[in-house]
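> Protein chains in written order, with our numbering: chain X, 154 to 437; chain V, 1087 to 1485; chain D, 38 to 364.
Wrong hints could be hidden among the right ones.
[Said to hold, decoys possible] Examples of chain D residues toward chain V, derived with CB under 8 angstroms: (1) Leu160; (2) Trp215; (3) Ala294; (4) Tyr343.
No lab work stands behind these hints: they were computed from the structure.
Don't be surprised by glycine CBs; every beta carbon is placed ideally from N, CA and C.
The chain contents come next:
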Amino acid sequence: MASTDATESEERTTDASDTDRSEATAPPEEYDGPLLQTDGLVKRFGGLTATDDVNLDIEQGERVSLIGPNGAGKSTIINLITRRLDPTEGDIRFKGQSILGLNPHEVVQRGMSKSFQQASIFPTLTVRQNARVAALAAEHGSFRFNFFRHRDRFSEVEGVARETLEAVGLWDQRESPAEDLPYGDKRRLEIGIALAADPDMLLMDEPTAGMSPEETHATVDLIEEVKEERGLTFLLVEHDMEIVFRVSDRIVVLNRGSVIAEGPPEEIRENPDVQDAYLGGVEL
Amino acid sequence: MSDETRRADDTGTVDETGTGLAGGDLLTRWRSVKERESFVILGTVVAVLLFPYLFARAPVVSEILQGYQSLAELMLIWGIFVIGFDLLHGYTGLLSFGHAAFWGGGAYAAGVFAIHVSGSPIAMILVGTTFAVLLAWVLGFLSLRRGGIYFAILTLAFAQMLFYVALQPLSNLTGGDNGLGIGGSTIEPLLGFIPLDAGVPVITMFVDTWMYMLIGIAMVVTVAFAYRVLNSPYGMVFRAIRENEQRAEFVGLNVWRYKLMSFVLSGAIAGLAGSLFAIQQARVPVESLFWTTSGEVVIMSVIGGVGSLFGGPIGAALYLYISNIVQGMSEVVLFTQIDKLFPGAQAVVLPEWASPAPYWHLILGLLFVLVVVFIPRGGIWGGLQSIGSRIGSRFGGDR
Amino acid sequence: MIPDAVALQTTGAIARLLINGLQAGAIYILLAVGLSIILGTLKFVNFAHGALYIIGAYLGLIIAQDPSFGGKLAEWGFGDIGLGFGYLAALVVVPLVVFVIGVLMERFVARPFYDRPDTDQILLTYGIALILTELFRVLFGGASRSIDQPPWARGSATGVPVLGDALTALGINAVSTWRIVIILLTAVLVGIVFVLIEYTDFGLTVRAGTVDAEMVELLGVKLSRPYLVVFGIGAALAGVAGLVGGPLVNFNPDYGATILVPAFLTVVVGGVGSIRGAVIAGLSFGLIQAGLVQFGFSEWAQVGIYAVAAVVLLVRPQGLLGQEVAA
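Using the sequences and the hints given, assemble the complete structure.
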């Protein structure tokens, strides 16, 4: 039954070893082009153009921030990239291959993970179980026909879960139900879940929204730590300019669906267009 | 579940229980023992063996309960059905109002097979369960296209379609409105030589007949199977989907396929129960496909406790007890056995207007609504557990 | 001339199909429109909607006629509680009473559960349906009953002035007046609700609340009262369905559970929240049923609507006129 039931995503993982998903989903070895590219991306809702000819190139290991005033189309882009929405025109390539036509979970399986705006966790599961679910998806692929194997047999999953929780500093709270954590810790767990999926690229949708200043600091530290240890590529959507300027290698400014400027933080700070459209008197 | 066991190994970092009290130690060990698979299965075996004796034959207890053997059999069969249902509803968070399709479908498949091919009970069970699996695959494919309330409505509708199919177009095969009469003589002895109504040697006093034995074995197998599934990666993924489906998808899980698997596994267990029902009754009433049957399993599951392996069978037993015993209580006599404890004391006969018989369904409805409003996730089993843990914490310190 | 006779026969057959279909669809529509606006605006699933049909039917029976009931009522000496005021009186009183019942349900059943998971709403309303069904069984007994057609609607519609001539011209020589009454009554009631929702300020508030309840409340419009009214209207329609369905289909307390399923199916196929969708789906179901009966497949009549529904939902999971949904 298992074999007739295999999907594409499963096929990608079945010939790889149990423990190393990255082998299965890694791009062709010679591939060293941009990790994520969008090519003339357009999304229209009725008469409204939410995304207008957006071309992004995000290199491996790069930290890019997407900023722009409310309604600039940031979430639409995130939703397009994570395959929750279909673009009207254009193409999205991850590791050089088009991901149009993939389901959201398949994109995650290829190595692009996402942390949500709200703390999107599994509330009544314990912290450790939260991490385990994500580790399971990373280790076993999107689906497997193994409902009759005891999960204690999967020590590799346990290892990833532990590693992740230690990385986000929640190992000590591993037996508490996730819903009992303070808000900042829930967000850290959320990021942990995204990391446990062992991504090459992490999309973060306002990771510090609703956090206290201390929690924000801790989260920024966490982002920098992860970046250094894992060489992760980030695409960050954030309102807090302090964070954006602190963590980004490059900033992309959106306004009304199109890119109006992009460049290193200093350059963006000086850019008169950006100040007009966005920073002008509002936050800086 | 297995976290409890592992916590014992993690001494050093968090060791809440190792603070003195020997009672706490024992309690920890007890907790780790009771989470083990072999313990769960052994416990089920003991319960299945003792239950019909206590319910139908033991002095005092059975007289007060007014239980009887065939009701004990029915309770077990419905208990299996509820376990299957709860796998989907309690663990994966999908409320189906169409499980009559698998129960009734399994029963009809087993019955039709018995009449036209072979009356071997084992073969009937295999055919009924397989049919339910195939049916679940198709209905799951159709119904899982929408979540939440739509899933409930779609399962309801597609199962109801099967009811009408069985009622008229296929009445040649199904017996239509009259139901399918299989007949006790059509059903062959177990393995070809053990009549189902024969007593089981040595343990006759406990289990009575091989019919009960067959049902009891099915119950133990179901518990073992469900326990294993819930402790496989699937169990964790099912809970994750229940808690936050979108998140589960965005860690890279193929949520749709796990939901379909949950639906199919659940349907398989319901089909097993339906096959047993056909064997035990030697007939299949057409109402077994009607949606109120789906409603009954919902009620049993919620009353017993959603998301708990043993809550379901308890809910089933209570439901059937009220619907069979209370329904027959034309005259209520309280404390019938009281003179055995206090010689000379009189039993109390309630006046006729206080007889609960006409209200048994109303009692169930009220009980159901109360549970939904006040303890929607716990049910009776949850209540028992919280009492148990309160007693436990008194002896083992706060946890 | 023979061709004319054949043509007349054909138009007669088609007209008969239409009338039977419309009449069967009318009951589904009355139930589905109520369910659909409640589900669409309040996001509340009412499994007790079938019980409202039963309330309408029994209440109508009591007001219109002098039935004698079994059950506990008879035991207590109230077996003959019929008022005998006639059908028209029932047609006025039933919607009002069931409207009030609907308002009470919104206030005391639905409202405390808006923040609970959807599945809890289903369980709760299912439980309430059980209790109502059992109350009816205990009080009135389990026997099947029906409401008499009012004297003015008995017999064939071909005898009615104007209408009769039109029907004869179409080649119909026997159709009960009652069926025509049901069709017209349903059309008028659904029309009123449609206008109310689509073209009044009240309707605007309700529809805005459907899209974004939070925003409407921020603008200072209280939604609690419109919600009460919507639930009341939905309930009243179900009560009327029981009253007009009563003379056609025998009912007992369990009938609410039977009628609920096709009503839900009509809502889902039509698209949740869409009155037009409910009407189209209800009509289609009625016509399919009538067609299968008329062409000799009556045993497939019930199965037919489910099969069609399955196909529709495979192609358009959101229903015919439903808004697109995210999975």
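> Against chain V, run the beta carbon of Leu160 (chain D) and see if the smallest gap drops under 8 angstroms.
holds (5 angstroms)
> Tell me if Ala294 (chain D) is really an interface residue toward chain V, meaning its C-beta lies closer than 8 angstroms to one of theirs.
Since the shortest Cβ distance to chain V is 6 angstroms, the answer is holds.
> Under the criterion of a CB-CB separation shorter than 8 angstroms, is Tyr343 (chain D) in contact with chain V as hinted?
holds (3 angstroms)
> Answer holds if the nearest beta-carbon of chain V is closer than 8 angstroms to that of Trp215 (chain D); otherwise answer violated.
Check failed: Cβ of Trp215 (chain D) comes no nearer than 26 angstroms to chain V, outside 8 angstroms.
Hint compliance for this structure: hint 2 alone is broken.
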